[in-house]
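Residue numbers (the working numbering), protein chains in the order written: chain S, 59 to 172; chain G, 834 to 947.
Each hint should be verified, as a subset may be incorrect.
30 Å max Cα-Cα, derived DSS-like pairs, lysine-lysine [unchecked claim]:
id	chain 1	residue 1	chain 2	residue 2
1	S	LYS116	S	LYS129
2	G	LYS890	S	LYS63
3	G	LYS848	S	LYS100
Hints are computed from structural coordinates only; laboratory data are not their basis.
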Amino acid sequence: QQQVKQSPQSLIVQKGGIPIINCAYENTAFDYFPWYQQFPGKGPALLIAIRPDVSEKKEGRFTISFNKSAKQFSLHIMDSQPGDSATYFCAASSETSGTYKYIFGTGTRLKVLA
Amino acid sequence: GAGVSQSPSNKVTEKGKDVELRCDPISGHTALYWYRQSLGQGLEFLIYFQGNSAPDKSGLPSDRFSAERTGGSVSTLTIQRTQQEDSAVYLCASSISQGNYGYTFGSGTRLTVV
């Protein structure tokens, strides 16, 4: 019940395309859903995050869509660029757990072709 | 400091030896986390420190793993009698406080046990 399932494992799109990465969870106590971007040799960096009281959040070219009833959320990257090529991780946590530790998905390796 | 600093960046050790990994969190960040990232895998929670509270050690995989945080700042993760399965990137993250404000990760320590 603590798992966060992420798909696809890898994704290749053309420049300007809109890659979509999906995550699903079971634990209804989760109330914070961040996405992290990781480049090779670097630590993950926070990209955007959402709470379940909204269905969508946009920051620049990055959008999170959240479906509370389906217990799913997804990341959309508009007008993708080669510089977006990285590994993306979704995560979930629960403030009620008291530790704010994140449960991470297994990651999606995105390649944007020039 | 400007970011989370981890040292060493790379560590090669012989099976059975002990290793210490260091993390310097962002100044003023009271929450500190250790995660492990195995090749091609997601991030696995190890341990969480918050201020002077007892740490959440629920993710430590065995009693060979331990961590401490001195003076509410620098943290050291110690792995005793290293095994080949301990080979991974060990990531440290800090956060400004309890609560879901997003982590800032360091670049990690790549540990290779030979």
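Here's how the hints hold up against the structure:
no., hint, in the structure
1, S:LYS116 - S:LYS129, "holds, 19 Å"
2, G:LYS890 - S:LYS63, "holds, 24 Å"
3, G:LYS848 - S:LYS100, "holds, 26 Å"
Violated hints for the displayed structure: none, as all numbered hints are satisfied.
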